[in-house]
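Q: We have chain H; now place chain Y onto it with these hints.
If you read the sequences in order, they're chains H and Y. Residue 1 is where the first sequence starts when you use the UniProt record's numbering, and the numbers rise one by one after that. Residue 1 is where the second sequence starts when you use the UniProt record's numbering, and the numbers rise one by one after that.
Be aware that a few hints might be false.
The list treats identical chains as interchangeable, and a pair is accepted whether it falls inside one copy or across any two copies.
As the list claims (entries may be wrong) - Below 25 angstroms or equal to it, Euclidean Cα-Cα: the simulated DMTMM-like pairs (lysine to aspartate or glutamate) are: (1) K243 x E43; (2) K268 x D331; (3) K204 x E357; (4) K271 x D66; (5) K281 x D331.
Derived by calculation from the structure, the hints in this document are not laboratory data. Everything numeric in this text was worked out from a predicted model, so none of it was measured.
Protein chains: 2
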Amino acid sequence: MNQASNVNEATIREPLGIIDTDVHQSPKRKQDLLPYLPKVWHEQYLTYGSGLANVFPTPIGVSRKDATPEGGGPAGSDPHFMLKHHVEHYGIDYAILTGGSEASFALHPDLDYASAVIRAYNDHTVENWLTVDPRFKGSIAVNVSDPEEAVKEIERLGDHPDMVQIIVCSGVRAPYGQRFYHPIYEAAERYGLPIAFHPGTEGKMYPPTPVGYPTRYMEWHNIIPLTFMAHVNSLVCEGVFEKFPGLKFVGIEGGVAWLPHLMWRMDKNYKALRSQTPWLKRLPSEYIKEHIRLTTQPIEEPERPGEFLQILQMIDAEKTIMYSSDYPHWDFDNPKVVLPPMPRELKARILAGTAAELYGLPLKKTGKAEVNS
Amino acid sequence: MNQASNVNEATIREPLGIIDTDVHQSPKRKQDLLPYLPKVWHEQYLTYGSGLANVFPTPIGVSRKDATPEGGGPAGSDPHFMLKHHVEHYGIDYAILTGGSEASFALHPDLDYASAVIRAYNDHTVENWLTVDPRFKGSIAVNVSDPEEAVKEIERLGDHPDMVQIIVCSGVRAPYGQRFYHPIYEAAERYGLPIAFHPGTEGKMYPPTPVGYPTRYMEWHNIIPLTFMAHVNSLVCEGVFEKFPGLKFVGIEGGVAWLPHLMWRMDKNYKALRSQTPWLKRLPSEYIKEHIRLTTQPIEEPERPGEFLQILQMIDAEKTIMYSSDYPHWDFDNPKVVLPPMPRELKARILAGTAAELYGLPLKKTGKAEVNS
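The following block holds chain H by itself, in its conformation from the complex (with noise of 0.2 angstroms):
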């Protein structure tokens, strides 16, 4: 740099925004969720939760041994400690809760459990975390295997000011194109929310890839995406987006770089065989790009960094990737490193511009001087 005004501007910049879209938070016990659940079904809560087996555990815990809160209870269960240890720590603008197990729920084949289960999840949210603190942004969760349930829980929150979006699993029943799911759509659409899911029930309902049942957990995370892919060609060919136009998708949690792969084959297939879906006006891709927003947690990591920046301008990432820690869980990103190396406006848009928009939410500039950003 020659001149000093430079040099100033290069290196004292304002700090971008960051818009943490998904954040974990749970209750302290179970037991808390107590008052929020119908008496009838607290023997089955406290005894069996969700009813789901876990055959693959993550050899390493589940959550980071640092975020367990000082005053005790697991990672993620005190709003206070949250906002000291991740939010403040980090600068971050706003905090998307994703919740812990109650979306995955909706695999219990007690319709009526599981609906009461997730209201109760949605209650405690809203009077735990929500009024603790502005920065908090919550996800309604809804038992998205009963859809007219779904459509009531959405009816009876979507209008909640810090309710910012609709929170399912992603290892569900059917594909997310299918009919079965519309109602919820219809009402989503009506209440400006985007619908996000999330992994975790892969293999509980079906074995999680075409070919049955991989052998442990690292093998069971490394295909995850398969899942997304799924929901993702489901949504296109279906002809969600034709019929809610309006809709917003996000799939946190299940890679990125994927997506030129499928937006291409897809996009090759619909020229040959569109015969299929006449309902399609446009590329599969262009439905894509417009109303699918993935998360950037666990990022892709090349030996190359250059080529993962190749990856997300093939996907138009300005307007389709966002940010995420996965706090407090094992394989949490840091928002200030987390990134490789890239233009400043690609930069902000990922760590907060595309978030901003889709949940509404206004960025304020702190003022403070930035770091590694």
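A: Chain Y in isolation, oriented as in the chain H frame:
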């Protein structure tokens, strides 16, 4: 160009060799298999075939209309017509015959029936195709659901000079890394034969996605690569390439551009979770690049062709990717025009170099003027 000699060199060069790694041959009629099939299975074979239902028929037929032989019979059933219509028309050095539906018999509950039909197909190929022209090279189909019989079939035909690989279907009972299959891999390594898997049976054993069934052929076809990712993931994580260091796998007709994502996700998870796979000594991506080959058809065609070239560079395509046409099927890729602009050396590797090494096939220069290469 300034010099006439340069113009000459640039426009009239030796043509590149071409090895087509996916060409489908079949008997003309089901009856043609009967001489090779024990009589006890004749009625079942003629009446019920593989016994597999097809709820996702292609709306435009399976084969190119112009590939129907002049003498009648289905496309791909006449070796002399195929030589004229495909092999000689494009100047193909070798056509790797991958068969029809025989590998799919591995999903039949009766292992004896399946193995008998598969043996009959192999014998039909040996007698009716490999004898016709040295440019035809065969794949030994095996009943992958019965490793003991599969090994016997490899031992029966593995020394045939024109059999260059083993072929199985991709939609099967379990991911290909699992120990159930290892006796087959021991035999394949012993005979120096790669193992190829080819789609078609996806969704016939389990749902073809982790969230159930898609709705129609286009959606089903769009997500065939999910099966391939599941197999590559399993093969690496289960340590197949430490146990069988000479073994190579070929993923036919399952796409290419998903590989960077899978490699990066596997490498990242390996760093955190490798306590689960202590037998691995290198990064997953290193095993993939050394032991997995993918074929091009149906090639991905982004709006900006340079993006596909970027993908090829991410996966060391000069040693991992091989040209295939899928002749005579509807989504055939023409070797003269299908590859996007790329360095001539890379093109030569994809069109023939890597396949020549893998299958041990000598390439001769033909001396014809090059067209479109």
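Q: With reference to the structure, classify each hint as holding or not holding.
A: Taking the hints in turn, this is what the structure says about them:
1. When the C-alpha separation of K243 and E43 is checked against a cutoff of 25 angstroms, the pair qualifies neither within a copy, at 42 angstroms, nor between copies, at 50 angstroms.
2. In the homo-oligomer, the alpha carbons of K268 and D331 lie at most 25 angstroms apart only across protomers (10 angstroms), although the nearest pairing inside one protomer, at 35 angstroms, exceeds that limit.
3. Proximity of K204 and E357 under a CA criterion of 25 angstroms is satisfied in neither setting, with 34 angstroms inside one chain copy and 43 angstroms between copies.
4. For a Cα distance limit of 25 angstroms, the shortest separation of K271 from D66 across copies, 20 angstroms, qualifies, whereas the shortest one inside one copy, 52 angstroms, does not.
5. For the identical chains of this complex, K281 and D331 are inter-copy neighbours only, at 22 angstroms across copies versus 40 angstroms inside a copy, given an alpha-carbon limit of 25 angstroms.
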